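A.B. asks: For the sequence shown, the working numbering assigns the number 1 to the initial residue and increments by one for each residue that follows.
Think of the hints as simulated: they come from the structure by calculation, not from any bench.
If you're wondering where the values come from, they're calculated on a predicted model, not measured in any experiment.
Among the hints, erroneous ones may be present.
[Unchecked claim] Cross-link-like lysine to any residue pairs, in silico, SDA-like; alpha carbons within 20 Å at most:
hint	residue 1	residue 2
1	Lys419	Gln366
2	Lys299	His289
3	Lys419	Val511
4	Lys120	Asn159
5	Lys120	Phe216
6	Lys312	Lys399
7	Lys120	Pro186
8	Lys399	Leu331
9	Lys312	Val337
10	Lys13	Lys55
11	Lys189	Glu269
12	Lys55	Phe112
13	Lys399	Asn440
14	Lys399	Thr457
15	Lys419	Ser470
16	Lys419	Leu350
17	Lys399	His431
18	Lys120	Ser60
19	Lys55	Thr105
20	Lys13	His48
21	Lys120	Glu162
22	Lys514	Glu487
[Said to hold, decoys possible] Derived Cβ-Cβ restraints for the label pairs, each shown as a range:
hint	residue 1	residue 2	range
23	Asn153	Lys399	15 to 23 Å
24	Ser60	Gln546	56 to 64 Å
25	Ala52	Glu529	48 to 56 Å
26	Ile381	Val278	23 to 31 Å
Think of the CB as a built atom: it goes at the ideal place given N, C-alpha and C, for glycine as much as any other residue.
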Amino acid sequence: MHKCLTVTDIVTKIFQNLDGNESTLAALARTCQAFHAPALDVLWRVHHGLTALVKCLSPSSWAELRTTDAEGRTTNLTLVSESFRLMLSKYLIISTSQKIKRGLTPSDCTRFDYYAARVKTLRLPGERIYFGFTPSYPVDDGVFQELSRCRPNHILFPNLLELEWSYFDYSLPHSTIPSIHLFLSPSIKTFSLLRWGDLQQGAIDFLQFLRHTSPFIEVLTLPRSNGISVAGQLIAEICQFPHLRHLDVHFETIPPEEIVHLATLSNLEGLDLFLDNVFTINQLRSETHIFPLALTEHKPFAGLRSLRIGGKRTDLATCMALLSWISPCTLTELSFVTNPPSPALLRQNLAALSATCSHSTLQNLQMNVFSRNDVLGGEDIQSRTIDSASLFPLLAFHKLEHVELTSCPVALDDATLEKMAHAWPGLTVLHFESSLEAVNVTSVTLAGLIPLARICTRLVCLSIGLHAASQAIETRIEGTFPNPSLESLNLGRSTIVTSGSSLIADFLFHVFPKLTDFDVWNDIRDEGEASERCQAWGAVWTRYDQLSGGHLHVYDE
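The task is simple: from the sequences and hints, build the whole structure.
C.D. replies: What follows is the structure, given as structure tokens:
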């Protein structure tokens, strides 16, 4: 064996590059003693569910439930719970019963520990259940009991860094919180919980327990949808985590005073707030007296670099109220999820955004709007259309790499796209709405893509609606060099001059020759003129695929 392979750092680096190639890692683990441990470390580092670990135990300590569905297919469910079996019986014919055959022995525990110590990321119960497939499955309640007896100190994974606990109602343990104590090691730095269970006070007790068992948590994600009415008490507990750097909380209502409480976390770098209530900057300012010392020593959210805020009933004014309150800020990422704003309100708030955020730090800007048919159905599209000039304040953010504006019709044009290309030369993702509604108000043509191709040489993903005609490009393509990076192009419901499919495909291949994902209009339900456009775009796709040597992913007709 080469001497380099005796250097631990070199071997570790080699095996890290094989992450995801399970068959190769397993083969290398069996090759020689020098490869055994580093290969297993990578192989077991990220794990979904307990199925594989349970199957490493003695065969006499576990069993499987073999089921047959109405079509005669069989599915193996490892250590399935009694309640889950009852649920399955409504859909499947159970051909054999399943129970744990015997308790775990010391040798079983030793073998479990041998692999469990290598697990750094654990997601429980693993992949969701899809009948007829074989992902990781929920385990029987008895296996939790056996593991608890095997390890009285409750540390099953002593080196665990990330735990995602996402048990659903149909899987055991019956409540989300019991049995989780078996997996909460002091080493955990990232923790994600899908749901609280049924208890209000239990959620508070659990957070207190979590803080004491895993005190070094840096990233905390709490349930995205719940009916808990004790958000204030939960936030008070959250603020007690001493090392918290990123927080993701989704409560129905977060009062202004609790927003202010969160703002005292000076080390917080990332915040995801999903809420349905509204508040103003004056309400936030009026609550700062609650924490005079903390907010005198530093400004609100002093260390914040990433902010995601919004909800189904949240308006843009609420999002901007929070942003203005913490201004000036040096965010690198900003995301809004709001109700559809009026063009005037959007123009006003984008101007305010330019005044509150640092132009030299913001790299990622996303504005996603909830579509509300009850509101939009009665409004004329022109009254909701955003003129391209409203976006001009964003051109000051010259470091932007990711720009996304969806569910809002924007009256874009070629000149505006060229200004964006010059203002954001480092773009990697540019995503505008490409629905038929958006296409009806845009005047972008294929020629408008040329500045993006020429200037934004790092652009990987582009989504935009336009009007494709070969006449618009014949005089502009000369001297244009191919864009070296674009891999995904989504033209949505873009219109097309049906006679120009071949020339349009040639143009797109000339400026974007590296595409692997090319999404175009292909709704087979369309009739008349729409059907003709659909067929024309299909011809563009086919021609491009031929020119690229078949590199495109399959086109679904």
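A.B. asks: Each hint should be assessed against the structure and marked as holding or not.
C.D. replies: How the hints compare with the structure:
This hinted pair checks out: Lys419 and Gln366 have alpha carbons roughly 19 Å apart, not beyond 20 Å. For the proposed pair Lys299 and His289, the alpha carbon gap of about 13 Å is at most 20 Å, so the pair holds. Proposed proximity of Lys419 and Val511 is supported: the alpha carbons are some 19 Å apart, at most 20 Å. Annotation: proposed proximity of Lys120 to Asn159 holds, straight-line Cα distance about 6 Å (limit 20 Å).
Our distance criterion of 20 Å between C-alpha atoms is met by Lys120 and Phe216, whose separation comes to about 15 Å. Straight-line distance between C-alpha atoms of Lys312 and Lys399 comes to about 30 Å, which puts the hinted pair past the 20 Å bound. Taking the CA atoms of Lys120 and Pro186, the gap is about 13 Å. The hint holds against a cut of 20 Å. For the hint linking Lys399 to Leu331, the alpha-carbon distance of about 12 Å falls within 20 Å, and the restraint holds.
The straight-line distance between the Cα atoms of Lys312 and Val337 is roughly 8 Å, inside the 20 Å bound, and the hint therefore holds. A hinted pair counts as satisfied when its Cα atoms are at most 20 Å apart, and Lys13 with Lys55 does not qualify at roughly 29 Å. At most 20 Å may separate the alpha-carbon atoms for a hinted pair to count; Lys189 and Glu269 meet this at roughly 15 Å. About 10 Å separates the Cα atoms of Lys55 and Phe112, which keeps this hinted pair within 20 Å; it holds.
Between Lys399 and Asn440 the CA atoms are separated by roughly 31 Å; this puts the pair beyond 20 Å, and the hint is violated. The suggested pairing of Lys399 with Thr457 holds, with an alpha-carbon distance near 14 Å, which does not exceed 20 Å. Under the criterion of a C-alpha separation no larger than 20 Å, the hint pairing Lys419 with Ser470 is inconsistent with the structure, at around 23 Å. Note on Lys419 and Leu350: the hinted pairing holds, with a Cα-Cα distance of about 17 Å set against a maximum of 20 Å.
Restraint check for Lys399 and His431: the C-alpha separation of about 16 Å stays at or below 20 Å, so the hint holds. At most 20 Å may separate the alpha-carbon atoms for a hinted pair to count; Lys120 and Ser60 exceed this at roughly 28 Å. Our distance criterion of 20 Å between C-alpha atoms is met by Lys55 and Thr105, whose separation comes to about 14 Å. For a cut-off of 20 Å, the pair hint linking Lys13 to His48 is broken: about 23 Å separates their Cα positions.
Between the alpha carbons of Lys120 and Glu162 the distance comes to roughly 6 Å, so the proposed pair stays at or under 20 Å and holds. Annotation: proposed proximity of Lys514 to Glu487 holds, straight-line Cα distance about 6 Å (limit 20 Å). In this structure the supplied range 15 to 23 Å is violated for Asn153 paired with Lys399, their Cβ-Cβ distance being about 49 Å. In this structure the hint that Ser60 and Gln546 lie 56 to 64 Å apart at CB holds, the actual value being about 59 Å.
Distance hint for Ala52 and Glu529: a CB-CB separation of about 55 Å, consistent with the stated range 48 to 56 Å. Against the hinted window of 23 to 31 Å, the Cβ-Cβ separation of Ile381 and Val278 comes to about 26 Å, which satisfies the hint.
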